[in-house]
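Keeping their order, the protein sequence lines are chains A and B.
Quick note on numbering: the first sequence equals residues 522 to 696 in the numbering used here.
Quick note on numbering: the second sequence equals residues 391 to 538 in the numbering used here.
Among the hints, erroneous ones may be present.
[Claimed, not checked] Simulated restraints on C-beta separations:
#1 B/Q447 / A/E535: 45 to 55 Å
#2 A/R581 / B/D477: 50 to 60 Å
#3 A/E621 / B/P431: 44 to 54 Å
#4 A/D569 / B/S511: 36 to 46 Å
#5 B/R416 / A/D616: 11 to 21 Å
#6 A/Y605 / B/D477: 48 to 58 Å
Think of the hints as simulated: they come from the structure by calculation, not from any bench.
As the structure is a prediction and not an experimental result, all values here were calculated from the model.
Note that CB positions come from ideal geometry on N, CA and C, so glycine has one too.
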Amino acid sequence: MTEFDPAPESPATERRWQQGEDTFSRVYDVAMGITSPTPAAEIADVADCSPNAAKKHLDRLAKMGIVSVNRDGRPVQYERNEGYLEWQDASRIADELTVEEIIDRVSELEEERADYEDEFDATDPTAVSGYDQDSHEAIHDRMTAVSEWRGVIRDIRLYELARQLAENDGHLIPA
Amino acid sequence: MGPDPPTPNSGSPGPPDRQTLQLLARHLRNEALIVETAFDPDSYEPRLLHALVDAGQYPEGVIAARLDIRWFTTGDFSFHYVETHEDESRWECRWDRHPNPHNARLHFHEPPTAVDATDLSLSSRHPLDIYSTVLDAIEGRIQTLWEN
């Protein structure tokens, strides 16, 4: 049996995720995975388009609020707009769940958070190191647990925002 | 998107990256290899993304195959591929990126047990490029199974 290759050369000229996508969709999708300020030329590399095309689409996405742009840097840098995307997620929760369901879920998450605080004997997951274990698998398991703990804390805030939106008919501020 | 910079084996992993997991799920749903995707615990709080590989594409002997994906806001990740065989054995491997004292931050846990890890080098660490590499590798695995 031939040896398994974890990083084969792509058989197609297009990368797998790019197939059937137009330039705008590719730039949009790449931007959704960009979490630190990045020049348009680097985004163009991943999206397989010209830097000019990437810049045009990124500026459009920035106007829509989906991408945030840092114009102080040279070159100008882009990344996904976490604030906008969080609001979008909260709006979807507010739309699809009742206020009672949201409140119930928050209390479940509060319990989960208390369990993590007991397990790690700490209240701040960022103070717990995920990587100082002996075995590779122990590192992996601990990293996953600390990550999920941080996720629980973040999601409690997301549901709180969703509750506000649900109670105010989709608005952040009562009319 | 250059080579992986060296990082200290300390600090705290980021929470699950909700946007990236949703992005990957959107692409997995268009994959001919994938029959089903699911978020754990649910789509409101994606922590783990399950993708069920189409068992019909494998030769006899493989009864199920799945890919479990985690992505963290720190850019670390884990793609865990698991085949279940008729004789109840498993064939698994894992593409990982996280600090550890044994291997490069980006490394690969070799099949069939996913225990031993070797350093891995990839030209891009964008989630969609990692996704494409992993799916291409799974396709190669299926091809190898038919050839044997």
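For each hint, the structure was consulted:
Roughly 21 Å separates the CB atoms of B/Q447 and A/E535, a value that falls outside the hinted 45 to 55 Å. Restraint check, A/R581 to B/D477: a C-beta distance of roughly 55 Å satisfies the suggested window 50 to 60 Å. Between A/E621 and B/P431 the Cβ separation comes to about 19 Å, which falls outside the hinted range of 44 to 54 Å. At roughly 21 Å, the beta-carbon separation of A/D569 and B/S511 lies outside the given 36 to 46 Å, and the hint is violated.
Between B/R416 and A/D616 the beta carbon distance is about 19 Å. The supplied range of 11 to 21 Å therefore holds. At about 51 Å, the beta-carbon gap between A/Y605 and B/D477 stays in the expected band of 48 to 58 Å.
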